[in-house]
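Chemist: So the chains spell out like this:
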Amino acid sequence: MTRYAMVMDQRRCIGCHSCTIACRTWNELPVDIVYNPVVSQGATGIWPNVHLEFQPMICMHCEHPACVPACPTGASRQDDDGIVWVEPTQCMGCKVCANACPYGARVYNEEEGFMRKCTFCKDRVRVGDQPICVQTCHQKARTFGDLDDPNSEVSQLVNQYYTERVYPELGTDPQIYYIPSRGRGRD
Amino acid sequence: MQQFWYWHIATYLFLGGLGGGMMTFAFVLGVIVAPSLLTSSILVFPVFVAFICLGVGTFLLVFELGQWKVFYRAFVTKTAVIKWGAVLLSISMIFGVLFIFWEITWLAGLPIIPYEGFARACLAIGGVAGAGVMVYTGVLLASMKARPFWNTPALPVLFAVSALSTGAALMSVCVGVWPFPDAWLLNTTMYPTTVPAWGSGAAALACTEMTEWLHTADAVLIVCEILVLGLFVLLQFCASNETAKAHANRWVRGSWAGIFWGLMVGCGLVLPLCLNLMGGVAGAIASPILALAGGLLLRFMIVWSYQRRLMPSEYKYYTREIQGHEPIMDYWKKDKYWEEI
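Line by line, the protein sequences are chains A and B.
Position in the first sequence counted from 1, then plus 1003, gives you the numbering used here.
Position in the second sequence counted from 1, then plus 11, gives you the numbering used here.
A portion of the hints provided could be inaccurate.
What the hints assert, rightly or not - Distance condition first, Cα-Cα at most 20 Å in a straight line; then the derived DMTMM-like pairs of lysine to aspartate or glutamate:
no. : chain 1 : residue 1 : chain 2 : residue 2
1   : B       : K156      : B       : E253
2   : A       : K1125     : A       : D1084
3   : B       : K80       : A       : E1114
4   : B       : K256      : A       : E1172
5   : B       : K156      : A       : E1172
6   : B       : K156      : A       : D1176
7   : B       : K80       : A       : E1113
What the hints assert, rightly or not - Derived, one-sided and incomplete: chain A residues facing chain B with beta-carbon distance under 10 Å:
no. : residue
8   : A1073
9   : A1078
10  : T1092
11  : M1095
12  : V1099
13  : A1103
14  : V1169
Stated by the list, open to error - Covered stretches of chain B, going by a simulated chain A footprint (3 or more residues, C-beta under 8 Å):
no. : segment
15  : 84-94
16  : 149-157
No lab work stands behind these hints: they were computed from the structure.
Cβ coordinates follow ideal geometry from the N, Cα and C atoms, glycine included.
Please model the entire structure based on the sequences and the hints provided.
Modeler: Quick look at the structure:
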């Protein structure tokens, strides 16, 4: 069975925000909505050994998402391959899911009246392409693929390197894996 | 940052709890404590006020939605907390209306359903659903594990106690206002078959007893609320989560300390309790009004303590993006930019 996941290699990310812009363009997002902000952490250390780290944030497409069971209308749903998405025509805009998401991955547009979120570019993935953020990243910091396939690049990265996830203690089982730069854990 | 719920939801949580609390007390008084035709007729107006509270709350909830036309879909899922809230609200309101309808037709001498048990059953079902509504308002927020200040089992308890306290306060004001039991019940010639000759004395006595009972209940509940609120804030101080701690700090000794200690604890809990114990006009009118204002303020303070646990530097990212760029953002959002090119 397919289980889509993404690996973010923070050793490679230079914080250029290309993924953010490409996502906005591909998904035709309103100007105040961002699906995948790139957050900078630091600078840390003492000169000359200072270090700036970038953490691309995105919907974690959790195995056990907090947002889907919170949705009263069934508009928020998870496919068999793990992609979490919102059906706009069924969303009544109650914003419960946005309050339930620990990652701030859901964004609400007052003018449209429904919830928006990253869909792992499922329109591209279903026809064999990579999500637009992965394709755009010129540093190859993002890797997308099937975690259930032992030969896929994401599986190999997750098995080979030390990876971290955001707030795994909440029991959501997030499917975005971060390879921290210089083997350093998050603050 | 990342606030999604504003005054609509805060007021809805307050009115839902208030209406639910009143329905619960109507059930307790009309079915358990003093089940009689006289009690039922006195409870018509409080149940009507509870219905109005629940109705206005639901109105605020529905018209705060982005796409209110698909509100019916709130009933299609099985597990969502808000779905159960919608179901309980509907049950409570429907059976409240059925109870009022039965009582009015009966008092008017047109008993469409000539069974007294029907009214009591309506009150029981509506009251149990109302109890569910007041607990649900807390469970809705407590189920958000992304929001550390809400995500605690103490919150539904706090909301339930506050709902019962405010419910008792408003009910004590509503008892005996309408349908003027004295006037109705004295006019036995008009309704000779349905209304027994209770006389004005019996009705007035029942109203006074019920009001006193509610005042006592309110005093006990305010004491409980002070204890639960203290426990709630203490739990947040002891939380392992920094965001919850920061909110607790803001409440107790930060920028909201004046509102918390002065308005909520002082004017919303301690002062109504003192006035209640003093009795007289202050106890009958000022105490319930202050208790209601305290309940509303509690919901606002809780809803505004919404902060999500943030990643390091995430706060900086979001605030930096917006600061100073509001005119540009507004300009783009209003499509002025695209119209001009």
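Chemist: Any hints this thing doesn't respect? Which numbers, in order?
Modeler: none
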